[in-house]
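There are 2 protein chains.
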Amino acid sequence: MAEQFFIPTKVIAGKGCIREHASLLAALGAKAMVVTGCHSALVNGSQADITAALQEKRIPYFVYNRIASNPSIAAVREAAAVARDEGADFVIGCGGGSPLDAAKAIALLAANDLDDAELFAGIFENPALPMVAVPTTAGTGSEVTQYAILTNDRLQTKTSIASEAIFPRLAFLDATYTLSLPLRVTVNTALDALSHALEGCLAKRAIALSNLLAAESLRISGACLPLLRGEEISWTVREQLLYASMLAGMVIAHTGTTALHAMGYSLTYFRDIDHGRANGLLMSEYLRFVAASCRERVEEALRRTGFADLDSFQAMLKELLGEREWISEAEIDRFSAIAIRAKNIGNTLRNPVQQDLAEIIRRSFI
Amino acid sequence: MAEQFFIPTKVIAGKGCIREHASLLAALGAKAMVVTGCHSALVNGSQADITAALQEKRIPYFVYNRIASNPSIAAVREAAAVARDEGADFVIGCGGGSPLDAAKAIALLAANDLDDAELFAGIFENPALPMVAVPTTAGTGSEVTQYAILTNDRLQTKTSIASEAIFPRLAFLDATYTLSLPLRVTVNTALDALSHALEGCLAKRAIALSNLLAAESLRISGACLPLLRGEEISWTVREQLLYASMLAGMVIAHTGTTALHAMGYSLTYFRDIDHGRANGLLMSEYLRFVAASCRERVEEALRRTGFADLDSFQAMLKELLGEREWISEAEIDRFSAIAIRAKNIGNTLRNPVQQDLAEIIRRSFI
Numbered sequence: 001m002a003e004q005f006f007i008p009t010k011v012i013a014g015k016g017c018i019r020e021h022a023s024l025l026a027a028l029g030a031k032a033m034v035v036t037g038c039h040s041a042l043v044n045g046s047q048a049d050i051t052a053a054l055q056e057k058r059i060p061y062f063v064y065n066r067i068a069s070n071p072s073i074a075a076v077r078e079a080a081a082v083a084r085d086e087g088a089d090f091v092i093g094c095g096g097g098s099p100l101d102a103a104k105a106i107a108l109l110a111a112n113d114l115d116d117a118e119l120f121a122g123i124f125e126n127p128a129l130p131m132v133a134v135p136t137t138a139g140t141g142s143e144v145t146q147y148a149i150l151t152n153d154r155l156q157t158k159t160s161i162a163s164e165a166i167f168p169r170l171a172f173l174d175a176t177y178t179l180s181l182p183l184r185v186t187v188n189t190a191l192d193a194l195s196h197a198l199e200g201c202l203a204k205r206a207i208a209l210s211n212l213l214a215a216e217s218l219r220i221s222g223a224c225l226p227l228l229r230g231e232e233i234s235w236t237v238r239e240q241l242l243y244a245s246m247l248a249g250m251v252i253a254h255t256g257t258t259a260l261h262a263m264g265y266s267l268t269y270f271r272d273i274d275h276g277r278a279n280g281l282l283m284s285e286y287l288r289f290v291a292a293s294c295r296e297r298v299e300e301a302l303r304r305t306g307f308a309d310l311d312s313f314q315a316m317l318k319e320l321l322g323e324r325e326w327i328s329e330a331e332i333d334r335f336s337a338i339a340i341r342a343k344n345i346g347n348t349l350r351n352p353v354q355q356d357l358a359e360i361i362r363r364s365f366i
Numbered sequence: 001m002a003e004q005f006f007i008p009t010k011v012i013a014g015k016g017c018i019r020e021h022a023s024l025l026a027a028l029g030a031k032a033m034v035v036t037g038c039h040s041a042l043v044n045g046s047q048a049d050i051t052a053a054l055q056e057k058r059i060p061y062f063v064y065n066r067i068a069s070n071p072s073i074a075a076v077r078e079a080a081a082v083a084r085d086e087g088a089d090f091v092i093g094c095g096g097g098s099p100l101d102a103a104k105a106i107a108l109l110a111a112n113d114l115d116d117a118e119l120f121a122g123i124f125e126n127p128a129l130p131m132v133a134v135p136t137t138a139g140t141g142s143e144v145t146q147y148a149i150l151t152n153d154r155l156q157t158k159t160s161i162a163s164e165a166i167f168p169r170l171a172f173l174d175a176t177y178t179l180s181l182p183l184r185v186t187v188n189t190a191l192d193a194l195s196h197a198l199e200g201c202l203a204k205r206a207i208a209l210s211n212l213l214a215a216e217s218l219r220i221s222g223a224c225l226p227l228l229r230g231e232e233i234s235w236t237v238r239e240q241l242l243y244a245s246m247l248a249g250m251v252i253a254h255t256g257t258t259a260l261h262a263m264g265y266s267l268t269y270f271r272d273i274d275h276g277r278a279n280g281l282l283m284s285e286y287l288r289f290v291a292a293s294c295r296e297r298v299e300e301a302l303r304r305t306g307f308a309d310l311d312s313f314q315a316m317l318k319e320l321l322g323e324r325e326w327i328s329e330a331e332i333d334r335f336s337a338i339a340i341r342a343k344n345i346g347n348t349l350r351n352p353v354q355q356d357l358a359e360i361i362r363r364s365f366i
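Note that the protein sequences, when read in sequence, are chains F and Z. Take the first sequence: its position 284, counting from 1, is numbered 284 in the UniProt record's numbering, and each next residue is one higher. Take the second sequence: its position 215, counting from 1, is numbered 215 in the UniProt record's numbering, and each next residue is one higher.
These are computed hints drawn from the structure, not numbers from a lab. A quick note: this is a predicted structure, and the numbers were derived from the prediction, not measured. Mixed in with the good hints there might be a few duds.
Unchecked claim - Straight-line distance between alpha carbons at most 27 Å, and here's what the computed DSSO-like set of lysine-lysine pairs gives:
| id | chain 1 | residue 1 | chain 2 | residue 2 |
| --- | --- | --- | --- | --- |
| 1 | F | 10 | Z | 204 |
| 2 | F | 204 | Z | 10 |
| 3 | Z | 318 | Z | 158 |
All chains, full assembly: derive it from the sequences and hints.
Below you can see the structure in the form of structure tokens.
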């Protein structure tokens, strides 16, 4: 079967890159909607840079700052109605994964009347509005993917829209905006990126070029993660984390994710554990599970991180994660029952049954 | 200054990929122009696969098979007039670098009335027709670049159109079409790809992601080149060479080329030496020149090829290239005088003066 490589997003990276490349925004339309959360984009300077670039190019805009963490389908529908009412021509998503993914869904829903089934089926009549991604955390990789992950209360998990229609046109990577992140958020988002690169290596859909990008992402993450210990994090490390996260986004754009993400979604949905942390908590036992039948692939992935073996890798993660949450046997049953139905289960190198997932979760919380 | 990464082309790779993905062609328009040379696309099966895919999707098409090696500006103007007369909606370039680059220029000129100055300035009113690239050699990388190299008789060299408008929409990489290539063409085109990856590593415009792709391309080329010795070349090696060439194309899409290409163009223009061979002939002395002030960068690039040092690398090239052409002192003067005026000279890690280029050429033909 043929392999496919496709990342149509133009990625611009470097300090001050939005202001430097403001003219690229002017090509996207006459009116911009800036989609963000309520607070951090103001603190980290990203919103000011975006609005300054829009003002410089005399592009009318409005800011929609009501995107909460793990946005629901209802939340993006509400925002898309505003985009239509205001006549937005393009959407600039600014923030962590939540505003970026919301911006993609808004860009799609502003141009198409879709019920939930149509939205997740990925076939649309009209092209989405052009979308620009300005990540302010280094974890999601959403700036270079065709995915928008929304919280689906009907299915009690996260569900993804996967469509080439929502690849961002532009991604601006300026590590400046990550300088003010608290250590906890830095660690959690770095674990999200690590999870993307690791799962990409261990996905059935891995291809040669995704493996190359994943290996580089793992090399950088493996070198940077042990440095996230509370002292000030240098500019260079911030920039490397953002680059590794982008590479890992390019990886999952091709490979998708696997059982690790499927399990993590339950921890986030039911226990409100941060997405990156959720994956980090489950990561070592997931790797042990896969290694039981695909030892070489897991060892190769670990080797890329610079860790000698799973034990030393696990020890590093333990230190980063600190005290673990407690979860009950009833929760383990429920989470594994939901996770086993996820699409990405079938993409896992070793096929799990529900009991396998339950055991991974159980062992992760000992 | 900000770095940029952008490869909007969708790359599909694998045996039979054109037929398997025929539906992607249907999305590009109602009538196709297939641009190719007069002979090889018939022999290697690519033209039959393309026309079968078009027929299967009931897309009217016509074949324009009058693209010679190193196509001139006049040749692509003539073809663009045919594209307009026939009402082509999209262009499929099929062959080595010449038909692919011609197809890009045709796609641009069919949609825009441009004089030579406007053509090479890279600013156009109308978007180019969508263009599809089907490489049948493993060397040019044109399937993933924004360049079209045309022979410019006024300037007595090759001149490139460089514009995002001419990135192919689709690239189909099927190594089947390279199986019938003579050894000489296989070697020359592999040297072209090697040259792209090496120059990409040693370009002033190199960025982290181009270096990653270049390193992988060099690793593959370094492993495959010594296998090109007259015995039958395996499917795996054919596929690897095509992949390495595509990666190297992604590299120069970001880094551009350097003095090596500038010098090589004179050997091709005045002496009709194949483009890849021309670069291969000059490569070792070019590397020696750059290494004199940037030793570590050259050693790093060589290390990626798997060769211990420049001497062993040079010995491998010597064996592949066989007997060298003879060139006169008058030619050396003329070639270096033309090359030093090329745009890509300024992209060379160590800045040459004309005398440096003359010395590289002289030593390459001892």
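Here is how each hint holds up against the structure:
Distance check on the hinted pair: residue 10(F) and residue 204(Z) sit about 21 Å apart at the alpha-carbon level, within 27 Å; holds. Our distance criterion of 27 Å between C-alpha atoms is met by residue 204(F) and residue 10(Z), whose separation comes to about 21 Å. Proximity of residue 318(Z) to residue 158(Z) is assessed by CA-CA distance (about 26 Å); at most 27 Å being required, the pair is judged to hold.
Checked against the numbered hints given earlier, this structure breaks none of them.
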